[in-house]
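Novice: Sequence:
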Amino acid sequence: MITQGDNVGHNEPGELAKGDAAEDDFLWSERLYVQYRAELSTLYHRKRERFFALCDRCSKAASLIAGTAAFSSLLPTAEAKAWAGVVVAASTMPGLVMAWNDRARLHGELAQKFLAVEAEIVAKGKRDFTESDLNTWLAKILAIEASEPPTLGGLTAVCHNQLATSNGNPESIVKISKIKRFFMHIFDMEIAWPEAPTIPGHRKNMGGTPIPVAERDSPTTENNATRV
1 MITQGDNVGH
11 NEPGELAKGD
21 AAEDDFLWSE
31 RLYVQYRAEL
41 STLYHRKRER
51 FFALCDRCSK
61 AASLIAGTAA
71 FSSLLPTAEA
81 KAWAGVVVAA
91 STMPGLVMAW
101 NDRARLHGEL
111 AQKFLAVEAE
121 IVAKGKRDFT
131 ESDLNTWLAK
141 ILAIEASEPP
151 TLGGLTAVCH
161 NQLATSNGNP
171 ESIVKISKIK
181 RFFMHIFDME
191 IAWPEAPTIP
201 GHRKNMGGTP
211 IPVAERDSPT
221 TENNATRV
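Counting from 1, one number per residue, gives the positions in the sequence shown under the UniProt record's numbering.
Keep in mind that a hint or two might mislead.
[Claimed, not checked] Below 20 Å or equal to it, Euclidean Cα-Cα: the simulated SDA-like pairs (lysine to any residue) are: (1) Lys175 with Gly153; (2) Lys140 with Ile121; (3) Lys113 with Ala146; (4) Lys175 with Ala146; (5) Lys47 with Lys126; (6) Lys175 with Ala164; (7) Lys47 with Met189; (8) Lys140 with Leu115; (9) Lys47 with Gln162; (10) Lys178 with Met189; (11) Lys60 with Lys113; (12) Lys180 with Lys60; (13) Lys113 with Asp133; (14) Lys126 with Glu23; (15) Lys126 with Ala111; (16) Lys47 with Asp133; (17) Lys60 with Glu23.
None of these hints come from the bench; they were simulated from the model.
Build the full structure now, drawing on both the sequences and the hints.
Specialist: What follows is the structure in structure tokens.
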């Protein structure tokens, strides 16, 4: 409890400035961290949406071509037409079993939800957000993540690298082999993440350094970092 005898409001100006700067750096670091998570999740689900949409289109195209051939006079024998029918079934079955169209729609909806959080962060501006705003945005991200399918490590790393490149942060790029890139939408793979990759915030195993107040409005530091 504060009493009249307490030394309240008598801090030196320099001490106040240092305290305010530390608080501002903390809030800015948290803002970058929350924005990074939203951006990475949006990018991840957009890529998944496009992948499943492509699978669905390819399956339908193969089914259409094989179905047309099965009833075409270009196939001289009944056996050839029967094989064309097999191709129709083989190309249609994965789409039905894997529900590619439904998966594409799910990831599209998730991307829109994360993008809405991004929009809220940007709309609040660089100076008018509070710790309460940060907690609200992070809570929304966690609520959306609770409904996500299991994430794929290889694809997550690719999205991380894309953000690192676009934000001028090449030192945080993670090495990914060509094989892992090829199968990144199919298998979950272990990625050799650095002990402290340079990404926003100061969470455990996430590294990063809060950006000084004086540098915040610099074009290279607004989003100067890159879902781990």
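Novice: Compare the structure with each hint and give your call.
Specialist: Here is how each hint holds up against the structure:
1. Lys175 with Gly153: holds (12 Å)
2. Lys140 with Ile121: holds (12 Å)
3. Lys113 with Ala146: Within the cut-off at roughly 12 Å; holds.
4. Lys175 with Ala146: violated (28 Å)
5. Lys47 with Lys126: violated (28 Å)
6. Lys175 with Ala164: Holds, at about 12 Å.
7. Lys47 with Met189: holds (17 Å)
8. Lys140 with Leu115: It holds: about 11 Å lies between the C-alpha atoms, which stays within 20 Å.
9. Lys47 with Gln162: Measuring from Cα to Cα gives roughly 12 Å; hence the hint holds.
10. Lys178 with Met189: holds (13 Å)
11. Lys60 with Lys113: This hinted pair is violated, its Cα atoms lying about 29 Å apart.
12. Lys180 with Lys60: violated (27 Å)
13. Lys113 with Asp133: holds (17 Å)
14. Lys126 with Glu23: holds (14 Å)
15. Lys126 with Ala111: violated (23 Å)
16. Lys47 with Asp133: violated (28 Å)
17. Lys60 with Glu23: Between Lys60 and Glu23 the Cα gap is close to 56 Å, so the pair fails against 20 Å, i.e. violated.
In summary, the structure is inconsistent with hints 4, 5, 11, 12, 15, 16 and 17 from the numbered list given earlier, while agreeing with the others.
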